[in-house]
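Let chain U serve as the given structure and place chains V and C with the ligands on it in line with the hints.
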Amino acid sequence: MADTQQLDTPQDIPRDLHGLRRSPASLLHEVFAAGSTGGVVELSELEFLTMAGIRVDPQSETATRIASVTDGLPAHCGDVTGGGTNGKPDTAVLWLGPTEFLVVAPPDAHETLGGTLVPALVEALADGQGQVVDLSANRTTFELTGPRARAVLEKGCSLDLHPRVHPAGTALSTEVGGIPVILWKTAEDTYRILPRASFATFLGSWLLDAMREYASPEVP
Amino acid sequence: MSADKLPEHPDFLWRNPEPKSSYDAVIVGGGGHGLATAYYLAQNHGMTNIAVLEKGWLAGGNMARNTTIIRSNYLWDESAAIYEASLKLWEILPEELDYDFLFSQRGVMNLAHTLGDVRESIRRVGANRLNGVDAEWLEPAQVKELCPILNISDNIRYPVLGATYQPRAGIAKHDHVAWAFARKCDQLGVDIIQNCEVTGFLKDGNRVVGVKTNQGTIHTEKVGLCAAGHSSVLAEMAGFRLPIQSHPLQALVSELHEPVHPTVVMSNHVHVYVSQAHKGELVMGAGVDSYNGYGQRGSFHVIEHQMAAAVELFPIFARAHVLRTWGGIVDTTLDASPIVSTTPVDNMFVNCGWGTGGFKGTPGAGLTFAHTIATGTPHALNRPFALERFETGALIDEHGAAAVAH
Amino acid sequence: MLLIPCPHCGPRDETEFHYGGQAHVPYPGNPNELDDRQWAEFLFYRENPKGAFAERWLHSTGCRQWFNMVRDTATYDIQAVYRMGEPRPTTTPPGGGSRATGGPTGPSAAHAGTPASPEGARP
Ligand SMILES: Cc1cc2nc3c(=O)[nH]c(=O)nc-3n(C[C@H](O)[C@H](O)[C@H](O)COP(=O)(O)OP(=O)(O)OC[C@H]3O[C@@H](n4cnc5c(N)ncnc54)[C@H](O)[C@@H]3O)c2cc1C
Ligand SMILES: [Zn+2]
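Residue numbers (numbering that gives the first Met the number 0), protein chains in the order written: chain U, 0 to 219; chain V, 0 to 405; chain C, 0 to 122.
In short, the hints are calculated from the structure, not lab data.
All C-beta atoms, glycine included, are put in the ideal place defined by N, C-alpha and C.
Keep in mind that a hint or two might mislead.
Simulated crosslink set (DSSO-like; lysine-lysine; CA at most 27 Å straight-line) [as the list claims (entries may be wrong)]:
{"id": "1", "chain 1": "V", "residue 1": "K87", "chain 2": "V", "residue 2": "K172"}
{"id": "2", "chain 1": "V", "residue 1": "K54", "chain 2": "V", "residue 2": "K172"}
{"id": "3", "chain 1": "V", "residue 1": "K278", "chain 2": "V", "residue 2": "K172"}
{"id": "4", "chain 1": "V", "residue 1": "K278", "chain 2": "C", "residue 2": "K49"}
{"id": "5", "chain 1": "C", "residue 1": "K49", "chain 2": "V", "residue 2": "K202"}
{"id": "6", "chain 1": "V", "residue 1": "K19", "chain 2": "V", "residue 2": "K54"}
{"id": "7", "chain 1": "V", "residue 1": "K202", "chain 2": "V", "residue 2": "K19"}
{"id": "8", "chain 1": "V", "residue 1": "K172", "chain 2": "C", "residue 2": "K49"}
{"id": "9", "chain 1": "V", "residue 1": "K54", "chain 2": "V", "residue 2": "K211"}
Simulated restraints, written as ranges between beta carbons of each label pair [unchecked claim]:
{"id": "10", "chain 1": "V", "residue 1": "E94", "chain 2": "C", "residue 2": "G50", "range": "44 to 52 Å"}
{"id": "11", "chain 1": "C", "residue 1": "W65", "chain 2": "V", "residue 2": "R156", "range": "36 to 44 Å"}
{"id": "12", "chain 1": "V", "residue 1": "F239", "chain 2": "C", "residue 2": "E85", "range": "25 to 33 Å"}
{"id": "13", "chain 1": "C", "residue 1": "G50", "chain 2": "V", "residue 2": "G392", "range": "50 to 58 Å"}
{"id": "14", "chain 1": "C", "residue 1": "G50", "chain 2": "V", "residue 2": "H218", "range": "24 to 32 Å"}
{"id": "15", "chain 1": "V", "residue 1": "G392", "chain 2": "U", "residue 2": "E46", "range": "17 to 25 Å"}
{"id": "16", "chain 1": "U", "residue 1": "H161", "chain 2": "V", "residue 2": "R156", "range": "30 to 38 Å"}
{"id": "17", "chain 1": "C", "residue 1": "T91", "chain 2": "V", "residue 2": "N43", "range": "47 to 55 Å"}
{"id": "18", "chain 1": "U", "residue 1": "H161", "chain 2": "V", "residue 2": "K278", "range": "30 to 38 Å"}
{"id": "19", "chain 1": "V", "residue 1": "L394", "chain 2": "U", "residue 2": "G177", "range": "28 to 36 Å"}
{"id": "20", "chain 1": "C", "residue 1": "D34", "chain 2": "V", "residue 2": "D174", "range": "44 to 52 Å"}
{"id": "21", "chain 1": "U", "residue 1": "G177", "chain 2": "V", "residue 2": "K19", "range": "30 to 38 Å"}
{"id": "22", "chain 1": "C", "residue 1": "W65", "chain 2": "U", "residue 2": "T36", "range": "26 to 34 Å"}
If we strip away everything but chain U, and leave its shape as in the complex, we get:
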């Protein structure tokens, strides 16, 4: 069904127009900085990551073609593939469902910045059964990092986040602070949290509130 094949991809958007873009949590950047404590827990927004949604039966020929672009497709809940190989260091594929995946790549993977990710995926899909959709504006990405990051998340996420069951390189669709997010642990003590854009200010404020106690010295 190649839904996005017909989409206009205006390669000719002047680059300086990007200077006018505002990310969903841009109003919070100052308070994120003020509420972060180096070496304890820090919060920031990773703006404008390129994201593409893929729906395809992983057993199909189409999936094989798509996997050759993305450097594989994750097989199980929690799995993340890519990242670090094939000359595409920051491009990763997250498992969202048995036939649903999310490709996350740096901002300049988007064709408006000269990238080729989505067109390459659309080309791989060809007329196979499935879907490739540019979802770059759907979610924003928070990065929460530091030795207290897990404690902050545990206030509003009922998954077991202990490294024993939740190692780095795991991404799960779940809830944080009552908000549906993808929670992606990219490294020990570092998490990416992907809410939909309209939840960004709420979740950002929620996380700041949850971080607050760690800014003060621990009461022995």
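Only chains V and C with the ligands this time, still in chain U's reference frame:
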């Protein structure tokens, strides 16, 4: 509003008789509806050789668990008729039953939070007035005047855009209502039999002739089912189906407070309804749990959601404490309207489907169901609420007026 | 709060799911031939047992997949989880109906070959 205003009541309000071997009619379920039905059977139809069988203790089901809101501002003519008849009965029952069960007509507000709510509410006010139901539309400032503790600022998630208001609506003390009916039933000769669970039915062909219970078999001419959340279970024993799904519905109370909340406020949109009981505790109801359940308990997130909404609407509640939470089993229908009806089994009748809002219907259900049982045909008020409506398609969709909240 | 073992993601809080009511209710094969009674049955009548109930759930905040589950409506104990299209498995209430054998996280939680590893991390 202090405890010393509660009426004294004697140690025994009714006998605890052994079941007889046969009755003219047996009512299954000793909640409000079963007791009211028995009362009107005896009082209006002279049927006094009857029994109410209750598997637990008297009025220990939803009758013990509801938030006691009484109103009649439903949308459709059929509903307005039966709920308004019920409200008129509430107005005379304390005297008729000679029992002050603290029916307090302090008014009920239904908040509107969205433009859709506003339109729907104003339409309902118009429909109510055409049906002789006292109904008003209040602007936010008028809402604030009637209930000063409500937050009507527009800087909240679901701002108050207005409310419908029914001045004659209110609350009553649910236990006392049950006891008032039980005492009167007992005086009229009705046997109220507790700890008596109906486990099956005796049939002669398609006609019911008795009930099997854990206290033995009881023969009877007629059976009226008033089992609320357990209606489907009893119908299955009798060999027919009901279009009912049983769900948990939860409520809670705070500790006692000085009087701060003068009326009753309901919000279908955020699933919260609040009043302050006579003793001073804040009584709040939540939304139904999504899943079917007979457990008399629901999930905690429903309570959390409800408290978040309540604190936003009533900032003054932020320092109150949840003292107790509990759940009942509500019998919901797809059109959010009750079933008061004959059944596919001869001489068996069913009153159910009152779902989240049948406390207010207690006298109306009792009056019309007693008529249906005594005469074998529906009363004019409950004819539209027969089982047939699910076949004819003449549904009475009260989701707007009923929603989850009552 | 129910803890529901999603067949794809493992045990998750009930708030991540949506309820879909009774499972295994097929759309009538011969809709033009149904009489009013049969339509009423299809549209409005559903099982409402006190006890084991086969029902549909959607893991809306997770893998967005529908699946079936047998749950006891009186104890809320989850007896089996299985995929759409699979027939209802035979279940026996754990411990012969007593609630002693754990809640939904207990060994009875994931039947029918479902991966119930914690939070869906690789087994
Ligand atoms: C939390 C909550 C809040 C509510 N708030 C409101 C409100 O504000 N306003 C309003 O109008 N309504 C409200 N309701 C709804 C209202 O409580 C019910 O619609 C109404 O009580 C049902 O009628 P009943 O009193 O006869 O039910 P119940 O009191 O439940 O009576 C049914 C009885 O049948 C008995 N029974 C079941 N099976 C058998 C058997 N096999 N043999 C013998 N006996 C049996 C049960 O033990 C039970 O006592 C609320 C309900 C709940 C749960
Ligand atoms: Zn899942």
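Against which earlier hints does the structure fall short, listed by number upward?
-> Structure breaks hints 4, 8, 11, 13, 15, 18, 21 and 22.
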